[in-house]
Amino acid sequence: MSQKRLILSVVLIFATLVVAACGSPQATTPAPQETEAPPEEESPPQEVVKTVIVTVEVPAPAGTPQVQIEVAQAPGFGETLAVVQERGNLICGVNGQLPGFSFLDSEGNYSGFDADFCRALAAAIFGDESKVEFRNTTTQERFTVLQTGEIDVLMRNTTWTLVRDTELGLNFTATTFYDGQGIMVPVDSGITTLADLEGGTICVQKGTTTELNLADVMATEGINYTPAVFEDVNATYGAYAEGRCDAATSDKSQLSSVAKGLLPDPENHVILDITLSKEPLGPVVRHGDDQWFDIVKWVIFATIAAEEYGVSSANVDDMLATSENPEIRRLLGAEGELGLKLGLANEWAYNVIKLVGNYAEIYARNLGEDTPTYIPRGLNSLYTDGGVLYSPPFR
Amino acid sequence: MNKSLPLRGIQGVQFWRDERFQRLLGQLIFLALLAVLLGYLGRNMLANLSQQGLGLGFDFLPLTAGFDIGEHLIPYSRSSSFLRALMVGLLNTTQVAGLGIFLATILGVILGVARLSTNFLVQQIARLYIEFLRNIPLLVLLYFLFSGVFIKLPRVKEAIILPGPVLLTNRGVAFPWGIPTETFSLYLRILGVAALLAIAIYAGLLWYTHCTGRGPLAWLWSFLAFLVIAALGWITLPNPPLAWEIPSLQGLRISGGRQFSPEFMALLSGLVIYTSAFIADVVRAGIQAVSRGQVEAAKSLGLTTIQTLRLVVFPQALRVIVPPLTSQYLNLTKNSSLAVAIGYPELFHVSGTILNQSGRAVEVITLVMAFYLSISLLTSAFMNWYNRRVRLVER
Numbered sequence: 001m002s003q004k005r006l007i008l009s010v011v012l013i014f015a016t017l018v019v020a021a022c023g024s025p026q027a028t029t030p031a032p033q034e035t036e037a038p039p040e041e042e043s044p045p046q047e048v049v050k051t052v053i054v055t056v057e058v059p060a061p062a063g064t065p066q067v068q069i070e071v072a073q074a075p076g077f078g079e080t081l082a083v084v085q086e087r088g089n090l091i092c093g094v095n096g097q098l099p100g101f102s103f104l105d106s107e108g109n110y111s112g113f114d115a116d117f118c119r120a121l122a123a124a125i126f127g128d129e130s131k132v133e134f135r136n137t138t139t140q141e142r143f144t145v146l147q148t149g150e151i152d153v154l155m156r157n158t159t160w161t162l163v164r165d166t167e168l169g170l171n172f173t174a175t176t177f178y179d180g181q182g183i184m185v186p187v188d189s190g191i192t193t194l195a196d197l198e199g200g201t202i203c204v205q206k207g208t209t210t211e212l213n214l215a216d217v218m219a220t221e222g223i224n225y226t227p228a229v230f231e232d233v234n235a236t237y238g239a240y241a242e243g244r245c246d247a248a249t250s251d252k253s254q255l256s257s258v259a260k261g262l263l264p265d266p267e268n269h270v271i272l273d274i275t276l277s278k279e280p281l282g283p284v285v286r287h288g289d290d291q292w293f294d295i296v297k298w299v300i301f302a303t304i305a306a307e308e309y310g311v312s313s314a315n316v317d318d319m320l321a322t323s324e325n326p327e328i329r330r331l332l333g334a335e336g337e338l339g340l341k342l343g344l345a346n347e348w349a350y351n352v353i354k355l356v357g358n359y360a361e362i363y364a365r366n367l368g369e370d371t372p373t374y375i376p377r378g379l380n381s382l383y384t385d386g387g388v389l390y391s392p393p394f395r
Numbered sequence: 001m002n003k004s005l006p007l008r009g010i011q012g013v014q015f016w017r018d019e020r021f022q023r024l025l026g027q028l029i030f031l032a033l034l035a036v037l038l039g040y041l042g043r044n045m046l047a048n049l050s051q052q053g054l055g056l057g058f059d060f061l062p063l064t065a066g067f068d069i070g071e072h073l074i075p076y077s078r079s080s081s082f083l084r085a086l087m088v089g090l091l092n093t094t095q096v097a098g099l100g101i102f103l104a105t106i107l108g109v110i111l112g113v114a115r116l117s118t119n120f121l122v123q124q125i126a127r128l129y130i131e132f133l134r135n136i137p138l139l140v141l142l143y144f145l146f147s148g149v150f151i152k153l154p155r156v157k158e159a160i161i162l163p164g165p166v167l168l169t170n171r172g173v174a175f176p177w178g179i180p181t182e183t184f185s186l187y188l189r190i191l192g193v194a195a196l197l198a199i200a201i202y203a204g205l206l207w208y209t210h211c212t213g214r215g216p217l218a219w220l221w222s223f224l225a226f227l228v229i230a231a232l233g234w235i236t237l238p239n240p241p242l243a244w245e246i247p248s249l250q251g252l253r254i255s256g257g258r259q260f261s262p263e264f265m266a267l268l269s270g271l272v273i274y275t276s277a278f279i280a281d282v283v284r285a286g287i288q289a290v291s292r293g294q295v296e297a298a299k300s301l302g303l304t305t306i307q308t309l310r311l312v313v314f315p316q317a318l319r320v321i322v323p324p325l326t327s328q329y330l331n332l333t334k335n336s337s338l339a340v341a342i343g344y345p346e347l348f349h350v351s352g353t354i355l356n357q358s359g360r361a362v363e364v365i366t367l368v369m370a371f372y373l374s375i376s377l378l379t380s381a382f383m384n385w386y387n388r389r390v391r392l393v394e395r
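Protein chains in written order, with my numbering: chain F, 1 to 395; chain X, 1 to 395.
Among the hints, erroneous ones may be present.
[Stated by the list, open to error] Restraint ranges, calculated between C-beta atoms of paired labels, are given here: (1) F:Pro264 with X:Val166: 28 to 34 Å; (2) X:Ala230 with F:Thr193: 29 to 35 Å; (3) F:Thr192 with X:Pro240: 41 to 47 Å.
[What the hints assert, rightly or not] The calculated EDC-like cross-link candidates involving lysine to aspartate or glutamate, where the alpha carbons are at most 20 Å apart (straight line), are: (4) X:Lys157 with F:Asp196; (5) F:Lys297 with F:Asp128; (6) X:Lys157 with F:Glu242; (7) F:Lys260 with F:Glu242; (8) F:Lys260 with F:Asp370; (9) X:Lys152 with F:Glu242; (10) X:Lys157 with F:Glu335; (11) F:Lys260 with F:Asp273; (12) F:Lys341 with F:Glu361; (13) F:Lys297 with F:Glu361; (14) F:Lys341 with F:Glu267; (15) F:Lys278 with F:Asp165; (16) F:Lys354 with F:Glu335; (17) X:Lys334 with F:Glu231; (18) F:Lys260 with F:Asp232; (19) X:Lys157 with F:Asp188; (20) X:Lys152 with F:Asp265; (21) F:Lys341 with F:Glu327; (22) F:Lys131 with F:Glu150; (23) X:Lys152 with F:Asp370; (24) F:Lys260 with F:Asp128; (25) F:Lys354 with F:Asp128; (26) F:Lys297 with F:Glu347; (27) F:Lys260 with F:Asp165.
FYI, nobody ran anything at the bench for these hints, they're computed from the structure. Using N, Cα and C, we set each Cβ at its ideal position, and we do this for glycine too.
Extracted from the complex, chain F is given alone in its bound form:
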């Protein structure tokens, strides 16, 4: 009898396990549904559910006929927004260790440039900038957590490259910060050029484009060096501060933020006037949901356009009431239905500017002259001021 009971209980346990596993399908990647009715002009776009079918040609071994496999991509159009709205908050993957970009301050709040763009996105979706759940990610896990839908958007000083844009199944939206890789050395080391680093050790963070750029540049210049590769920001610059390396390399923004925020003696370190690479940093989303891709892109453009038109959190109400400029009226939702086309409320950009601010305000708050993490705007100025920030028209 006890034998039977044992078998029965084992069977029951397994059945429960299997049922439990079946019962929790990934919320963000349900199977795409087909709709028979063609999208109507009047209906709001967010109700349209499309199936995105991509035909992939698979190179077949010689002798066999070419096979075509149909792969349905996930998440489907509009699904990310639906999931975010249903959940009631936005899950934003950030660095969390980088003062000025995203950093958990002493009161337990996230502050920084990236964190503010997370808030801007939440403001556009919910009209409430506080509906963000920040999730710290490491350089290593950042793409995986995005691919698996654990986070909705990755707002984490991530460099836009072709491989990341294609092979990883991710889409880079718009660039929020134009950066370049630099090298930081102690002032008393006497190092001024790359050649001075011959035979030296360079601290670098693991799994970054920085690691690859460094290898590329040093191979091109024929300079021998030893990389000391560390897991995160604290370990990397901790080792550098202790003199483990002759130099540390990273994006200049990170070096500047770290030098001022994390090193005990910032005045003894200098960032060399060498730029190893282009590092356009910006938010990343999953392949497949073009609506979500558009939303993230245009929230960034809204902050840039607002700066260009002189709309700020201080004057946005006046602008909405009095402005005659049709571009501003369209941006703020007083004219046209730009918000609805993104699947958002028509005052989406108004909320972004009112609650978080335009690009200049976000920049000044986190990286401006009054902050400890000051970085000159340089390339990150409007195109009218000699920078490269340029928003497509709001029309």
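Assemble chain X onto chain F, guided by the hints.
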């Protein structure tokens, strides 16, 4: 009469009431459910991967890695393949695990014997060491050794120079090291001949003992023969096969000799210190398993303490020690993956970078698991073989 009845052997009893059938059925159901569960999980993974437009395959392994690795035992540069990078990591793991096992065994045996010493001070020091180290997490110990000890060593300019010379700096520890010259391969052949001759002498002496009953020390004579030939070879070669290279300070860097990075030193010493505490307890248990009467009998025969340990206690203790010792060796090997926290480029650390640069999480993790599994299986196969040799042979 016949004990093994056929399944439906008992007349009048339906086969499903047969206990043996029920057992078999239970096993089959269990197996089937396991297969279903694994199949479900596997299918789920494949479906999710293809939904994200990601494939599964090892075709990325021959691609260019693009990053540099600080420490490599085989030639490696940024233009080497991902596979080569994995091999570099694997060799680094093997290096630290092999050295670690060797040193931890020596230290562990000494501590285990000291723990049972009749000298109060020695016994208490060993007890304190074992109790302290067994009860702190290895990761904490590694952090402490890295950021508290090895990286806090003086800068290169103020290097601590121990006799040898051994140089201690925060860039690593440098030892004098033999550099192979052009006669090195010839010398290796001489060593091979010497080893063959030593084995022949050993076998011959064993045979002599067998025939005459008189026992010259076979191992001692063969070892001496090996040494004499090795020394003669060294002297007679036109120039010595190894050139002694002494590390020296060259400005801000150390050149020459064999250099171990702070990460390697911290990992090695952490693993050795930690595992030796466990090995000490294993050794103590093994010694205590040999009954007191055996020791008393040996003493009454007039054997010295060393002789008692060597001839009576250890041979019997080994059969108790070897199985748990094997699992300590496996633990040490697997624990070496904690190096990821302090930046030593072993298998897991390198695989993390590969994962990040190639985006192939499932494949890379699978490979890493396979590598660790093979190392562990090889170690335990060797230890099982050794265990069969030393276990008590009953006549």
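Status of the hints after comparison with the structure:
1. F:Pro264 with X:Val166: 28 to 34 Å: holds, 30 Å
2. X:Ala230 with F:Thr193: 29 to 35 Å: The hint (29 to 35 Å, Cβ to Cβ) is violated, given that Ala230 (chain X) and Thr193 (chain F) are roughly 50 Å apart.
3. F:Thr192 with X:Pro240: 41 to 47 Å: 43 Å Cβ-Cβ, so the 41 to 47 Å window holds.
4. X:Lys157 with F:Asp196: holds, 18 Å
5. F:Lys297 with F:Asp128: Roughly 19 Å between the alpha carbons, so the hint for Lys297 (chain F) and Asp128 (chain F) holds.
6. X:Lys157 with F:Glu242: Cα-Cα ~14 Å, so holds.
7. F:Lys260 with F:Glu242: Roughly 16 Å between the alpha carbons, so the hint for Lys260 (chain F) and Glu242 (chain F) holds.
8. F:Lys260 with F:Asp370: holds, 13 Å
9. X:Lys152 with F:Glu242: With a Cα-Cα distance of about 7 Å, the restraint between Lys152 (chain X) and Glu242 (chain F) holds, given a limit of 20 Å.
10. X:Lys157 with F:Glu335: violated, 70 Å
11. F:Lys260 with F:Asp273: Since the Cα atoms of Lys260 (chain F) and Asp273 (chain F) sit roughly 17 Å apart, the hinted pair holds (cutoff 20 Å).
12. F:Lys341 with F:Glu361: The hint is violated at about 27 Å.
13. F:Lys297 with F:Glu361: holds, 18 Å
14. F:Lys341 with F:Glu267: violated, 50 Å
15. F:Lys278 with F:Asp165: Judged against 20 Å, a Cα distance of about 16 Å means the pair holds.
16. F:Lys354 with F:Glu335: Holds, at roughly 18 Å.
17. X:Lys334 with F:Glu231: holds, 19 Å
18. F:Lys260 with F:Asp232: holds, 17 Å
19. X:Lys157 with F:Asp188: holds, 13 Å
20. X:Lys152 with F:Asp265: holds, 17 Å
21. F:Lys341 with F:Glu327: holds, 16 Å
22. F:Lys131 with F:Glu150: Given pair Lys131 (chain F), Glu150 (chain F) holds - Cα atoms ~16 Å apart, limit 20 Å.
23. X:Lys152 with F:Asp370: violated, 35 Å
24. F:Lys260 with F:Asp128: violated, 32 Å
25. F:Lys354 with F:Asp128: With a Cα-Cα distance of about 10 Å, the restraint between Lys354 (chain F) and Asp128 (chain F) holds, given a limit of 20 Å.
26. F:Lys297 with F:Glu347: OK: Lys297 (chain F) and Glu347 (chain F) at ~16 Å, within 20 Å.
27. F:Lys260 with F:Asp165: The given pair, whose Cα atoms are some 32 Å apart, is violated under the 20 Å limit.
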